[in-house]
Structures are given as structure tokens and as C-alpha cells.
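Visitor: Please take these sequences and the hints and turn them into a complete structure.
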Amino acid sequence: MKKIRFFIPLLIAIFTVLSFAPTALAFCGFYVAKADTKLYNKASQVVIARKENQTVLTMANDYQGDVKDFAMVVPVPTVIKEEQVRVAKPNIVERLDAFSAPRLVEYFDEDPCNQYPRSQSMPAPMAATRGRSLNEISSEDRSLGVTVEARFNVGEYNILILSAKESNGLETWLNRNGYKMPRGANQLLKPYIRSSMKFFVAKVNLDKFEKSGYQFLRPLQISYESPKFMLPIRLGMINSTNEQDLIVYILSPQGQAEVTNYRTVKIPSNVNIPVFVKSEFGDFYKSMFQTSYTKEDKKVAFLEYAWDMSNCDPCSAQPLNNEELKEAGVFWLDNNGDINNGMRSGFAPPFISSNVYITRLHVRYTRNKFPEDLMFQTTSNRESFQGRYVLQHPFTGELKCAAGRDYKRSLFRRFEQEAQTLAQLTNWNIQNIRKKMEISTGNLQTSWWESLLMLFGF
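To get our numbering, take the position in the sequence shown, counting from 1, and add 22.
One thing to keep in mind: the hints can contain errors.
[Claimed, not checked] Taking lysine to any residue pairs in the SDA-like style, the calculated list, with each CA pair at most 20 Å apart, reads:
1) K64 <-> K308
2) K103 <-> F174
3) K308 <-> S291
4) K90 <-> K308
[Unchecked claim] DEER-style ranges, computed between Cβ atoms:
5) K317 <-> K250: 27 to 33 Å
6) R431 <-> N136: 14 to 20 Å
7) K457 <-> P213: 28 to 34 Å
8) F238 <-> K457: 39 to 45 Å
9) G277 <-> Q446: 29 to 35 Å
10) P249 <-> R205: 29 to 35 Å
11) D335 <-> P204: 42 to 48 Å
12) N197 <-> N333: 47 to 53 Å
13) R431 <-> K320: 41 to 47 Å
14) E104 <-> R205: 48 to 54 Å
If you are wondering where the hints come from, they were derived from the structure by calculation, not from laboratory data. All residues carry an ideal CB built from backbone N, CA and C; glycine is no exception.
Guide: Dropping the structure here:
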């Protein structure tokens, strides 16, 4: 059986049968690198397109293992019908990631001896049933208080929609049907059952997957209508005591989205850092995120990006066009905003809409810091924000004028400020930072001691 890598979130329970720039420069600049989800070994990614009470949820992540062992259980607020489920293209999540990822930009100082004003750089049978008859299953379902509300196939998936009266019965049903529940699942299922939530259960139809020719299982996309704007994360903590990363892309016609039951804070942004970070941007961003996460007591959602989809500055990837937005679940661009028509119909013309606002939230969570599922709301705030980090390259030509000599003396202050900023953001050793800066700036910079003497006029 071939092994696969699959995009489906860790925030849900995935069970196998084994065990389950200076501030004045604003936002322009030359984009040179991005901190996308490839920085993290296991980062769940979820896309939520939301308008009023209508939601399209796209789930994607990196499942590794035999395709026959894959299974998932997702709490959902209502019974999901066949027409409300589809498979999405894997690259749509990659496109959203690339477009919204924190980015590194760079500027180049001009000759200070130049008298012109300085310009700004622009910037099969049911796998879960083990071959038993439907009548046998129905009888067991009733005795355990489990109801199969719906059963259908979508793409390479066999889908069940379950409801349950109590968690012991649901846990027993899942175990008997090949979903080996990890220890502790019973307690985590109880709140969802008390809230009358349903359970979206999916396994791979092996025959259809083999015939499809796909090397990867594709993301599953669910549409539903509910006043609850939430994302269940508690089941995803069953199999792990480690920190887990979750990236949520929220698409709305309104404005920025935020978490309501935990604080939402902006990631540190729009700061100048040493030029050597260009070759270490991934390490920089991971260290900076961990430092910020620790300072915020490990229980906040970080805003990494918020912008109107019709533009970007600087662009780490082109904005998604209407065809791509429709693939991501945006249903209000045509068809009078009807969510089910949007799921069934073809794509809109490939232009870029100005009626889609994207919010990228990054949550690193553990059991003790995030005891509740994530609750969201959209706001009317359309302020643009991005995780943006600036490299300011010094001028390297001859400096024969007085302004040039002043400029060269001023570089020490700038370099030292960049070093201090980097140390504060990452907790990296300041002396090591200074050494790397001396190497990267070469003969532009004298020793730190000599620069101090110059600074104080000796």
C-alpha cells in the first residue's frame, strides 16, 4: 500500500487503525523571502470562508502513513448533507499561505553625496464497516445511542454524519468500526454531545483512491449554516502533549477576524533587522515567534496578516483571483451569495475581487493553555497589517563628501539598533549578532570599540 502525505488538520482528531525598514517607509519595499508553513514540521491549516451565518470550512494538513489507515472525526454544528461536501485542490491552501505569509523586504541606501531627493524603494465498500451489513450496523448503532444521520461518498472519501446521546456509546461505536480512539477521548467528546453537535467522519475509499491517480489525498471542504463561528481544537490534543501550530485563514466580505475567547495580538512587525538575517530568515521567524509566544503566556492568537485580497504591498505572491477564491470556499462573489449554489456552480471569471478580506491567525496551543475551542468574530476593521521585517543595505560606494562621512559615522548607531532589536525579538546572544554583522558589513564598519570612540568624538 502506498504511503501518502495528506492535508487535514491536527485540530481535529485524526485516528489510524493502529493508534490514533524604517517606519517612515510604510509598507513598500522589495520582497525577498517569506515565513510560510514549511517552517513547521506539523502545522495544521484551515480555511474558513464566512459571511453572516454561512461557513465553508476547508481542512488541510500533513498526514503521513498508509492511506488505508487514514480516518478523521470532526465535530460540526449541524447535519451535513452530500451536496455540502466536496474535495478541494491542495494548491489552494498553498496559495493562501504564500500570499499571507510574514515577509522579509529590503531597501538599499542611496549615495548620501547625491543631491537629488532620496527615493523610496517600491517597492470501495465502506472501509470503516469492515465488510459488515448495513442492517447489522444499524442495530448496533441504536443500542449505543449512535445515529447515522447521513452516509455518502465524495471523491476518494466515504463520509458518515453521526449524532450520539452519550460519549461512551460514541467511543464504543467508533472503536467497533475501526476508529481506534486514544485514551482520554471519552471526556473530550462529552462537551460536543452536550452541545448537540454532530460528527463528520471520513475514511478513504481505497478503490476510488487507487483509480483516481492522485498521489495525495485532497483537502475536504464542508459548507454549513450556523450562528456558531468556531473551530474545534480539543480533539486534536488527544494524541499529543506537545505544542501544536495552527494557521487559520479567514475570508470575509467584512474585515479583520479575531478570536473572542482568547486574546488576539499582532505579531511584532515593521522593524529593521541586520542584513545577515536574509540567509537566516526561517530561523529568525521561528525564534521571534517562540519569544513572542512565551512573553504572551502561551495563550494568545497571533495576527500575522490582514489585508484586502485585491492588492498587497509588498507581494510575496499574487493575490488570488476569483476562480481561486471560489475554490477556497468564497461563495458570495456570484450566485446571489447562496452557499450551496456556490459549492455546485462553476467558477467566476478570473479577475481579483475587492470584496474578500483575508485574516491570517497563527495559534500555538497546548491542552493547559487552550482548554476551549476557538471562537471567532469578524469586524468592520479593514486596517492593513502584515508581519514585515526590513533589511536596510548600506551604501557601498565611495563617500568623498562631508555628508558621506557623516553617513558612515551614523551607520554604527543604526547597526547597533538593529542588533539590539534582533536580540530583543529572538533572545539571540547580542555578541554573536554583532560578530555576524561585522562579517556581513565588511569594511563599511570598523570595530565596535573604534565606532564607540568615534561616536563620542575621540
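Visitor: Next, verify each hint and record whether it holds.
Guide: Now for the hints, and whether the structure bears them out:
1. A threshold of 20 Å between alpha carbons decides the hint, and for K64 with K308 the separation of about 13 Å falls inside it, so the pair holds.
2. For the proposed pair K103 and F174, the alpha carbon gap of about 8 Å is at most 20 Å, so the pair holds.
3. Our distance criterion of 20 Å between C-alpha atoms is met by K308 and S291, whose separation comes to about 14 Å.
4. Using a Cα cut-off of 20 Å, the hinted pair K90 and K308 is violated, with the two alpha carbons roughly 34 Å apart.
5. Look at K317 against K250: about 31 Å separates their beta carbons, and that is inside 27 to 33 Å.
6. The given range of 14 to 20 Å is respected by R431 and N136, whose C-beta atoms sit roughly 18 Å from each other.
7. As the Cβ distance of K457 to P213 is approximately 53 Å, the hint placing it in 28 to 34 Å is violated.
8. As the Cβ distance of F238 to K457 is approximately 44 Å, the hint placing it in 39 to 45 Å holds.
9. For the pair G277 and Q446, the beta carbons lie near 31 Å from each other, so the given range of 29 to 35 Å is met.
10. At roughly 34 Å, the beta-carbon separation of P249 and R205 lies within the given 29 to 35 Å, and the hint holds.
11. Between D335 and P204 the CB atoms are about 45 Å apart, so this pair conforms to the stated range of 42 to 48 Å.
12. Checked against the hint of 47 to 53 Å, the pair N197 and N333 passes, with Cβ atoms roughly 51 Å apart.
13. At about 43 Å, the CB distance of R431 to K320 agrees with the hint of 41 to 47 Å.
14. As the Cβ distance of E104 to R205 is approximately 34 Å, the hint placing it in 48 to 54 Å is violated.
The structure shown violates the earlier hints numbered 4, 7 and 14.
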